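What follows is the residue order along each chain.
8 protein chains.
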Amino acid sequence: MSEHNDFTPDHQRTERLGFDEAIYCLAKSAGQIEAIVRHAHDRGARLLLTRLEATKHAALGADLHPHLDYDPISATAWLGATPPTSGAGRVGIVTAGTSDTPIAREAARTLQYYGVEPTLVNDVGVAGLWRLMERVETLRELSVVIAVAGMDAALPSVIGGLLPGAVIAVPTSTGYGVAAGGHSALHAALASCSPGVTVVNIDNGYGAACAALRILGARDLP
Amino acid sequence: MSEHNDFTPDHQRTERLGFDEAIYCLAKSAGQIEAIVRHAHDRGARLLLTRLEATKHAALGADLHPHLDYDPISATAWLGATPPTSGAGRVGIVTAGTSDTPIAREAARTLQYYGVEPTLVNDVGVAGLWRLMERVETLRELSVVIAVAGMDAALPSVIGGLLPGAVIAVPTSTGYGVAAGGHSALHAALASCSPGVTVVNIDNGYGAACAALRILGARDLP
Amino acid sequence: MSEHNDFTPDHQRTERLGFDEAIYCLAKSAGQIEAIVRHAHDRGARLLLTRLEATKHAALGADLHPHLDYDPISATAWLGATPPTSGAGRVGIVTAGTSDTPIAREAARTLQYYGVEPTLVNDVGVAGLWRLMERVETLRELSVVIAVAGMDAALPSVIGGLLPGAVIAVPTSTGYGVAAGGHSALHAALASCSPGVTVVNIDNGYGAACAALRILGARDLP
Amino acid sequence: MSEHNDFTPDHQRTERLGFDEAIYCLAKSAGQIEAIVRHAHDRGARLLLTRLEATKHAALGADLHPHLDYDPISATAWLGATPPTSGAGRVGIVTAGTSDTPIAREAARTLQYYGVEPTLVNDVGVAGLWRLMERVETLRELSVVIAVAGMDAALPSVIGGLLPGAVIAVPTSTGYGVAAGGHSALHAALASCSPGVTVVNIDNGYGAACAALRILGARDLP
Amino acid sequence: MSEHNDFTPDHQRTERLGFDEAIYCLAKSAGQIEAIVRHAHDRGARLLLTRLEATKHAALGADLHPHLDYDPISATAWLGATPPTSGAGRVGIVTAGTSDTPIAREAARTLQYYGVEPTLVNDVGVAGLWRLMERVETLRELSVVIAVAGMDAALPSVIGGLLPGAVIAVPTSTGYGVAAGGHSALHAALASCSPGVTVVNIDNGYGAACAALRILGARDLP
Amino acid sequence: MSEHNDFTPDHQRTERLGFDEAIYCLAKSAGQIEAIVRHAHDRGARLLLTRLEATKHAALGADLHPHLDYDPISATAWLGATPPTSGAGRVGIVTAGTSDTPIAREAARTLQYYGVEPTLVNDVGVAGLWRLMERVETLRELSVVIAVAGMDAALPSVIGGLLPGAVIAVPTSTGYGVAAGGHSALHAALASCSPGVTVVNIDNGYGAACAALRILGARDLP
Amino acid sequence: MSEHNDFTPDHQRTERLGFDEAIYCLAKSAGQIEAIVRHAHDRGARLLLTRLEATKHAALGADLHPHLDYDPISATAWLGATPPTSGAGRVGIVTAGTSDTPIAREAARTLQYYGVEPTLVNDVGVAGLWRLMERVETLRELSVVIAVAGMDAALPSVIGGLLPGAVIAVPTSTGYGVAAGGHSALHAALASCSPGVTVVNIDNGYGAACAALRILGARDLP
Amino acid sequence: MSEHNDFTPDHQRTERLGFDEAIYCLAKSAGQIEAIVRHAHDRGARLLLTRLEATKHAALGADLHPHLDYDPISATAWLGATPPTSGAGRVGIVTAGTSDTPIAREAARTLQYYGVEPTLVNDVGVAGLWRLMERVETLRELSVVIAVAGMDAALPSVIGGLLPGAVIAVPTSTGYGVAAGGHSALHAALASCSPGVTVVNIDNGYGAACAALRILGARDLP
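Heads up: the sequence lines are chains A, B, C, D, E, F, G and H, in that order.
The first sequence: position 27 = 27 (the working numbering), numbered continuously.
The second sequence: position 75 = 75 (the working numbering), numbered continuously.
The third sequence: position 221 = 221 (the working numbering), numbered continuously.
The fourth sequence: position 93 = 93 (the working numbering), numbered continuously.
The fifth sequence: position 26 = 26 (the working numbering), numbered continuously.
The sixth sequence: position 29 = 29 (the working numbering), numbered continuously.
The seventh sequence: position 2 = 2 (the working numbering), numbered continuously.
The eighth sequence: position 59 = 59 (the working numbering), numbered continuously.
Don't read these hints as lab results, they were simulated from the structure.
Just so we're clear, the structure is a prediction, and the values are computed from it rather than from any experiment.
Note that beta-carbon positions come from the ideal geometry of N, C-alpha and C, so glycine has one too.
Hints may contain errors.
As the list claims (entries may be wrong) - Partner residues aside, some chain D positions facing chain E, computed with beta carbon under 8 Å: (1) ILE33; (2) ALA35; (3) LEU162; (4) PRO195; (5) THR198; (6) ASN201; (7) ARG214.
Unchecked claim - Taking lysine-lysine and the BS3-like style, the derived pairs with C-alpha atoms no more than 30 Å apart in a straight line are: (8) C:LYS28 to C:LYS56; (9) E:LYS56 to H:LYS56; (10) H:LYS28 to H:LYS56; (11) A:LYS28 to A:LYS56; (12) E:LYS56 to E:LYS28; (13) G:LYS28 to D:LYS28; (14) E:LYS28 to H:LYS28; (15) A:LYS28 to H:LYS28.
Extracted from the complex, chain A is given alone in its bound form:
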């Protein structure tokens, strides 16, 4: 074949958007991932990796492990130091249940990689509404709230009615029957009765964090 190079990295992305290209590991082999990480490490670059399963992470060269900050719950890793966090009090991440934790952490870790420390509020689904109501005052001060919920995804609607900041819903694939795959949650979030709730793809915690970074003005972050 006339060309053998599978990769054309978008090295101009940070300049254009304020954040660089993350490595989506699900469809890549451990060998491909190791090559990318090693190349970045060799030139002293930072790197964010998402959907890096534990077995693939374990299969990377042992000499790379000390340089990778890996979180098995969110299946994310980063190479290189994170900047000092400066965004405290600006972004919140709220989950409906404990099964939403992996996606919430993917969002949290993406924000941390870019120096933004999120406020986390876990397991406050609307079946026990008092749990959310106890936190409302804290949440009302935030510029952006990422609401992570599966099944009926009633949480983004309730939050959207209570909080003035930007609300980004992340539907999750939690659940079975009509909830399997996250489609009931996705459609509920899109059809939210609260005005101005926006939505990202099912389980896309990384995308929600990027949206928050755009709102914070990623190019101007330290």
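Since the structure of chain A is already known, use the hints to place chains B, C, D, E, F, G and H on it.
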């Protein structure tokens, strides 16, 4: 053809179930409906009609109109007197928005036809949560609450988390985009994070009322 | 991150609804489940666990096993003593085929955990109608009948036409082709030609039992 | 363009299959239909027309009307004499409700056009099961039973469990919510728990009749 | 619980329909299957088992193996002797491609269990039309043709246009993309442009054979 | 019935969220809309109305017309004066084609009602990419860009890769076949390969504008 | 608003692609269409219009009518002279039934507008296979064959197996039940068992013609 | 059974279409594949195999391995020598991301097997548009461009607007949430705003290559 009779009325239904067969008018011509109503009127029977559009109602014989209690909003009518209501304080009907009113009234009128007077709480969708919270104490005393909601149908989930009685969700076909046809509401209600919420077909206010009658013990109602 | 506690238990649920929060184990690790069970055991609390697969159950600390009543068919377990059953003759559970048994047992065990002993009628799908007809008189005396069926889910419709009590359909994910995942059964149950049949999510035996508890008046059960 | 003839009639069909090509009128203009009918009339041929709406029928040339046997309920018409019926006692058509009548008549009229007189049993849906049970003995003697039903389409399953003959289910587009368009009925019929039930497209009464003709051995009918 | 018997066998089925209840093994454990087979063997009964995977078959008691006629390709087995075949020349089974073979054999083996020997024509999909045309004359003499095809399922349409006998289409779940799961094939078969083609559920070779048996008059077979 | 008031206005919304409750007119009668408008007019309040079709607008009392600023293309109207616009250069609205104009104007008019003047860039779909590239420099300075596109909705992805600001995609129901109803556009926007693109419901220009207002900090706008 | 021009014509398209931008009229008002046509007429330009319904065509200024070549069956029109046709024998258009004619003519007229005269073969669906087989030799000489078919869309598969040229399938929205909207045809065409069949959107005759023009080398056509 | 031969090879295909029947290995056992390969090898024939997973390839007889050119990334193999490539500069294959590589290579290898050497352009998705723009001039000279993309599949639309040659989109099943299975990509490609883009089934690189061969005139290739 060897048989010309299109109808085989289920005249044993009241004895079996405690309520008789309602006339679903959508797929019937005005002529067919008039024949059924006249036949019941002639033998002094009561009759409940659902999905009776205003134009079809108007097309019925003028002599029948005084005997029909017709409600154009819910497109329901009944022939004959309703029994004295005795179920006050037992069944509530709650709507998320004003576009849910026709379906809520279909449920309310079905209950009234069988002598049950429902408590109505309208337009208390979760985008403005304080509206529902103001009514919670009233609703907590009811045996059955019918929650009528379209779009994200977050209302049944919030109600199911607050009230101990039976909760029957009626998804409505309100809305556009992913909410069109009521499928987002249906799936959200089925995937409710609150335990023990049951669901009927989209826009099926009549069915929700029948379910409430079963719970109240239709055979034992006066 | 500013908060590390993933769990916000809804400890007020029993007071509000009459039943406590069950532990849905599918999305939790054995370690997380063990921590929850141990914490409840230490404070002498009861606990219901659903979707607890045999391998996860086996992975729990051996000292906990004597305290857990585990049923591998329904993948449910409970910690602590169940109350004396008092609801005999009030709730029935009917299955269409033997593959509906696990879901039916999830419902039965949830009822037993709250002191309600259900009447079970198994494998009476409508392809052999005489099997159901032999039991009709028994079923007609019950307040609530939970009908568990997959594929064409004709059973809830036939039951809804024969019995006056509340009917809760549980569609199951039995079958292949158009029946795979339980969607044909779900839609058939929602579109039931029998009035007042209510429906819960596919395979949600736990939810059907909770709905029955609401109807029985969970707060007033012993 | 190099060719202007839109029609290529399949004039060899009767020889191959035992029945000729019916004219599906829904997507044809009144002018096109009139041309086809006139051409057949002029050469003394018979013709079956389906989905011929009343307004299109009325728009055909007045001189053709006496030669067309038109049924507005089923929207079918035929040109020419029908053969003496000989198939009495061989094919039955059973409907679940009165809204299934138009489709059932499309099947019945197709059979009559080919000299088969069907036994009709109307409005015997399973919500009132006694209605069907009263007719079972008659139906058990038939070679083919066409079961026409919408919504939950429980009727074909119950019939398939009771009768030994060939069962052809015709799902209908009756109903609203999940039943709209006939998909819940189609899927229930395909997932029937009764063995050997076959299915045709939604609302396809014509197709069910052709299938019955194939079973009767169309080439050998008088 | 008040009843522990999971099975209610439909022992009257043969009398009603002409064929007995097959054992669908997919949702049953090896232990359950063994109990059923042993019970039938002990009382000298015949038994047909479908969807019996090789590993489950291997797990059955070794003493049972000599009595079971097992076919791993179709995952079917039968217990007891089959009757002498008498239906030669009456039923054909035609496949579009080699991946349709397992389903075609499920149909063939079901017929053989009831004494009907089908004519098999394999791998004659319409992409190479000459393969089918070479067999047309043979197929035209049959009473029933079962057409097994996945993907675009063009085969039943072409066959339905060429043959006068009853045509039963079995869509298969062969293929990927839009063909995955068999839904493209199912919809194409239902929408067939050839009149009188009937359809069974995806991959339901057993059901197609039962439909053929109904057409042949199962009660009258030897 | 025990309560007749259909409306429970969320009069606390502006205080909570920074914008008031818009009147969604599609499911309301002209009479209901007139009552709401007149009530607001009488007490000197402002009001935004969406999905107000021309015929309904025309049916409102003639004395109200001078007080309503009505735009038939977007089917929006407002009562009362709009604030001086102050947001120039902050929000852009970009359309892929001319059929996206009504939805884009719904967004634009909502922003104007709250004093934000958007920058409009029309008909720059990616089939003629140079049209968008000519405007990139202008768009790069904006805080928020609303991208309105139907069919393949490639525009939000291209924009998301070029611009650093917040990107809100509004899928539109333009088109036919797989594009009908807007689902292809919705899914493409959710699956965008550009990081941080958020999405609102199909045709929801109002919701996109509210999301932009949340980002701008609606409570702090003049 | 800062910009009022809704249109950004892609005037460079002919140079890039070899064909200019057609006017898709469905979502445009008669006034908008008239403005576009008049503007082109004034500058002596040619123009192709698709989906121009008869009533909209009639509403255009009477002085424009003599300059527009309008075909009501395909709802297409063109302004200006067509080039001498030179492509005879290169492109064929084949339909399965007469209801596919409008879409086939949209394709044919688009080709004619660019000087390519297609060979038309109508109403040769596979239910009567001999009709197609009579034309095979003619079709085998063509470079491109556009196959227009709805319902089961078996035609493109059969054609793809018989002809060596490029095959472009156009699924049509003909039919009802599972065929409604054209999705069964679309999926069958995509899942074609014949190798190398390509597909365009449902009812997109224009797109199929453009694809043929690309294959013929649109830039090099006279 | 009356016939045991599962295979009816279409040995006339090359004569008819210009390419022979490829062996689709996914639904075949290693034993079946080995038999087919050995038979071809013995008679000196060439053979193309697709979807041949590495484990199946490894399970083939060791003596066959030297004769098979196997590519594990695309899961393709061929037996026999490929012709000298002659099509350089005629066909391009463009991918949006690295996860599209396997499908792109399936297309490339199919072309090579028939002597056509494609130009490859990898990882140029529209999120970083400059990557594609740098290659446009090269791509504009090609007769056919195969665009391989998943998720939002914006790439075929952008390419279709920039290049005059034939464009064949291959949607891929890359991604999660709404992108899972490739349906969002498929629908976006079918709804492309660029005229004349054609589409093949999800992940069907082989089919796209065959379509390109048809366009090049497969019968006339060396």
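Now the hints, each set against the structure:
no. : hint               : result
1   : ILE33              : 19 Å, violated
2   : ALA35              : 22 Å, violated
3   : LEU162             : 7 Å, holds
4   : PRO195             : 4 Å, holds
5   : THR198             : 4 Å, holds
6   : ASN201             : 5 Å, holds
7   : ARG214             : 4 Å, holds
8   : C:LYS28 to C:LYS56 : 10 Å, holds
9   : E:LYS56 to H:LYS56 : 24 Å, holds
10  : H:LYS28 to H:LYS56 : 10 Å, holds
11  : A:LYS28 to A:LYS56 : 10 Å, holds
12  : E:LYS56 to E:LYS28 : 10 Å, holds
13  : G:LYS28 to D:LYS28 : 27 Å, holds
14  : E:LYS28 to H:LYS28 : 27 Å, holds
15  : A:LYS28 to H:LYS28 : 27 Å, holds
Checked against the numbered hints above, the structure violates hints 1 and 2; every other hint is satisfied.
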